[in-house]
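Given the structure of chain A, go ahead and fit chain B with the ligands onto it with the hints provided.
Which chain is which? The protein sequence lines are A and B, in order.
Each residue of the first sequence is one higher than the last, beginning at 1 in the UniProt record's numbering.
Each residue of the second sequence is one higher than the last, beginning at 1 in the UniProt record's numbering.
Warning: the hint list may mix true and false statements.
Once the Cα atoms are required to be at most 25 Å apart in a straight line, the calculated DSS-like pairs of lysine-lysine come out as [as the list claims (entries may be wrong)]:
1. A:K151 with B:K135
2. A:K195 with A:K172
3. B:K151 with A:K134
4. B:K4 with A:K195
5. B:K198 with A:K171
Derived coverage of chain B by chain A (criterion: at least 3 residues anywhere in the stretch with Cβ under 8 Å from a Cβ of chain A; other residues may be distant) [said to hold, decoys possible]:
6. 147 to 154
7. 267 to 278
The following residues of chain A were derived to be distant from chain B, with all beta-carbon distances above 12 Å [what the hints assert, rightly or not]:
8. Q38
9. Q52
10. T99
11. P128
12. P173
13. A174
14. G212
No lab work stands behind these hints: they were computed from the structure.
Ideal Cβ placement from N, Cα and C applies to all residues, glycine included.
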Amino acid sequence: MSALPSSHTPHPSPVGTPPLAFGAAPAVNKSPYSMSSQPFLKVEGLKRQFPQPGNPDPAPVFEDVHFGIERGQFVCVLGHSGCGKTTILNILAGLDDATAGHVIMDGREVRGPSLDRGVVFQGHALMPWLSALKNVEFAVRSRHPDWKAQKVREHAVKYLELVHLGHALDKKPAELSGGMKQRVGIARAFSIEPKMLLLDEPFGALDALTRGSIQDELIGIVEATQQTVFMITHDVDEAILLADRIVLMTNGPRARIAEIVVNPLARPRVRETLHQQPAFYTLRNHLVDFLVKRSREFQPGPGWDAKNPPLVHPGQSSQPA
Amino acid sequence: MKSKPWLAPLLSALFFALFIAIWYVATAPASGSGTAAPAMDPEYAALMGAQAQAGGQSAMPGPGEVAAKIWEHLSDPFYDRGTNDKGLGIQIAYSIARVLGGYLLAALVAIPLGFVIGMSPLIYRALDPFIQILKPISPLAWMPLALYTIKDSGVSAIFVIFICSLWPMLVNTAFGVASVRREWLNVARTLEVSPLRKAFQVILPAAAPTILTGMRISIGIAWLVIVAAEMLVGGTGIGYFVWNEWNNLSITNIITAILLIGLVGMLLDHLLAWVARAISWRE
Ligand SMILES: Nc1ncnc2c1ncn2[C@@H]1O[C@H](COP(=O)(O)OP(=O)(O)OP(=O)(O)O)[C@@H](O)[C@H]1O
Ligand SMILES: [Mg+2]
Numbered sequence: 001m002s003a004l005p006s007s008h009t010p011h012p013s014p015v016g017t018p019p020l021a022f023g024a025a026p027a028v029n030k031s032p033y034s035m036s037s038q039p040f041l042k043v044e045g046l047k048r049q050f051p052q053p054g055n056p057d058p059a060p061v062f063e064d065v066h067f068g069i070e071r072g073q074f075v076c077v078l079g080h081s082g083c084g085k086t087t088i089l090n091i092l093a094g095l096d097d098a099t100a101g102h103v104i105m106d107g108r109e110v111r112g113p114s115l116d117r118g119v120v121f122q123g124h125a126l127m128p129w130l131s132a133l134k135n136v137e138f139a140v141r142s143r144h145p146d147w148k149a150q151k152v153r154e155h156a157v158k159y160l161e162l163v164h165l166g167h168a169l170d171k172k173p174a175e176l177s178g179g180m181k182q183r184v185g186i187a188r189a190f191s192i193e194p195k196m197l198l199l200d201e202p203f204g205a206l207d208a209l210t211r212g213s214i215q216d217e218l219i220g221i222v223e224a225t226q227q228t229v230f231m232i233t234h235d236v237d238e239a240i241l242l243a244d245r246i247v248l249m250t251n252g253p254r255a256r257i258a259e260i261v262v263n264p265l266a267r268p269r270v271r272e273t274l275h276q277q278p279a280f281y282t283l284r285n286h287l288v289d290f291l292v293k294r295s296r297e298f299q300p301g302p303g304w305d306a307k308n309p310p311l312v313h314p315g316q317s318s319q320p321a
Numbered sequence: 001m002k003s004k005p006w007l008a009p010l011l012s013a014l015f016f017a018l019f020i021a022i023w024y025v026a027t028a029p030a031s032g033s034g035t036a037a038p039a040m041d042p043e044y045a046a047l048m049g050a051q052a053q054a055g056g057q058s059a060m061p062g063p064g065e066v067a068a069k070i071w072e073h074l075s076d077p078f079y080d081r082g083t084n085d086k087g088l089g090i091q092i093a094y095s096i097a098r099v100l101g102g103y104l105l106a107a108l109v110a111i112p113l114g115f116v117i118g119m120s121p122l123i124y125r126a127l128d129p130f131i132q133i134l135k136p137i138s139p140l141a142w143m144p145l146a147l148y149t150i151k152d153s154g155v156s157a158i159f160v161i162f163i164c165s166l167w168p169m170l171v172n173t174a175f176g177v178a179s180v181r182r183e184w185l186n187v188a189r190t191l192e193v194s195p196l197r198k199a200f201q202v203i204l205p206a207a208a209p210t211i212l213t214g215m216r217i218s219i220g221i222a223w224l225v226i227v228a229a230e231m232l233v234g235g236t237g238i239g240y241f242v243w244n245e246w247n248n249l250s251i252t253n254i255i256t257a258i259l260l261i262g263l264v265g266m267l268l269d270h271l272l273a274w275v276a277r278a279i280s281w282r283e
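Just chain A, same shape as in the assembly (with noise of 0.2 Å):
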């Protein structure tokens, strides 16, 4: 797998529907995806142009966005402030329409929002009149409408308890400290049980040693859960400890997508011993290196094709860039 594929297609993916069930984390399945095979979310020319009153057609915010996420893949878009993520994130998660090009999920195009996505916004979004309990009752009372007081108080509680929120129950976000309202937040996203996860830098405003503690929760969750996300960030740290696949967006205006980058670190991955994986530095220092540099400075190459953004594997070979 060291030659460079033509089509986003190998990579952890477990085959089937996965199991919700908390528990035993199943084994990752490696089995490539034949050519053939439609992703899970499919990204195809998306565009995002903000009409201004006396500019009706201003420079995009980004245009010719193509990529696209297998099921249970955990995929990270690293790219500088502005470029564009959050209205990315938006349009997958059909709260903003594209100004050209579509999302398909599933088979079916994304159209408005749905709770087969659940999102974790920028800024925590808890409704500051209702307890951390309440809030997440909210989501799952819309789920299942039909749910007696009790089964939905017992899930919502389940899902507290996962992000070790069981003693905060009663608490209103304004008594919760940043990183418990955070946790809150993917309680809350995690107990519609979606088919995919949009995560908007979820741990942004968080210390590092919060933001270290919520990470590992995040992914004993979703390792349990085999849930597909999509996640933003700005910390290339986390990207790496994260995702299967890192995007990465050029500045803005007119972003695109660079290219995707293969995390070739082995799962379970912990914190503390990350760096010891010879692999590690190589991939920090490829990202960090186009953050600083190829970010700005991204031209499209001979060989560079925006529907076929190419898959990097850092180490391995060199690549164009």
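Okay, now just chain B with the ligands, sitting in the frame of chain A:
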């Protein structure tokens, strides 16, 4: 200075005592120095009444006389001896009933309408010119029109209260609804929440503090306006009572009524402040 919770009440009591003292000195009769302290006896009160009936000009009453009057009213607030002689309790009850009637009607109109205006920028823009023009009109200016069309003075007073309580509630509800955080609405959208549930479980609680601020302003204005309205329409109510006592030249009764108006206004405001605290939320 910090751990002395009794200091402020003590100062309040001191200011009160000072005020009473100044009042006492200012109104003390220059000659005939006997009638200061024992003002409480009923004979004196009767004398005052007789004096008023006889049309004798009573001087500005002192604190003792007013206290006696208050005591008299408190001991029999609900007597009814004809149109122009009802207990203060009855009069204030009329006023409160009118205020609550007009106010609740206004809430019934303003809150749903404000919701619609806040949700729809189109309707907001369409209704804005009307609101802009109607809002600054003194509620009393509506009175003749109300009397002419409704032909009932009691209902007209309620209408005036309705009009004056409408605007703060309407404007605040619209503003509160329009400024509900986009992120909460997005949460509701991603959870495919039904419009009705969104209105009642997301927008209403989010806008509730702003709505209640409007309701609190409204009740304050309504209580200000009812006195003037009742002076105009006459018949019953605390406003009419004040006007009637002015005709009787009973300054003592007027001062008693003024105190009562302030007290009831404060209670109404505190009631709404209490509700506002109960539904407010902190980020
Ligand atoms: N509603 C809007 N109207 C006009 N321009 C917008 C709107 N939303 C976003 N933009 C513009 O689109 C660009 C991308 O914004 P976006 O929020 O997607 O950036 P981002 O990559 O998520 O940044 P950050 O990392 O800081 O969160 C910005 O230049 C922003 O000014
Ligand atoms: Mg963003």
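Which earlier hints can't be squared with this structure?
Violated hints: 1, 2, 3, 4, 6, 7, 11, 12 and 13; rest satisfied.
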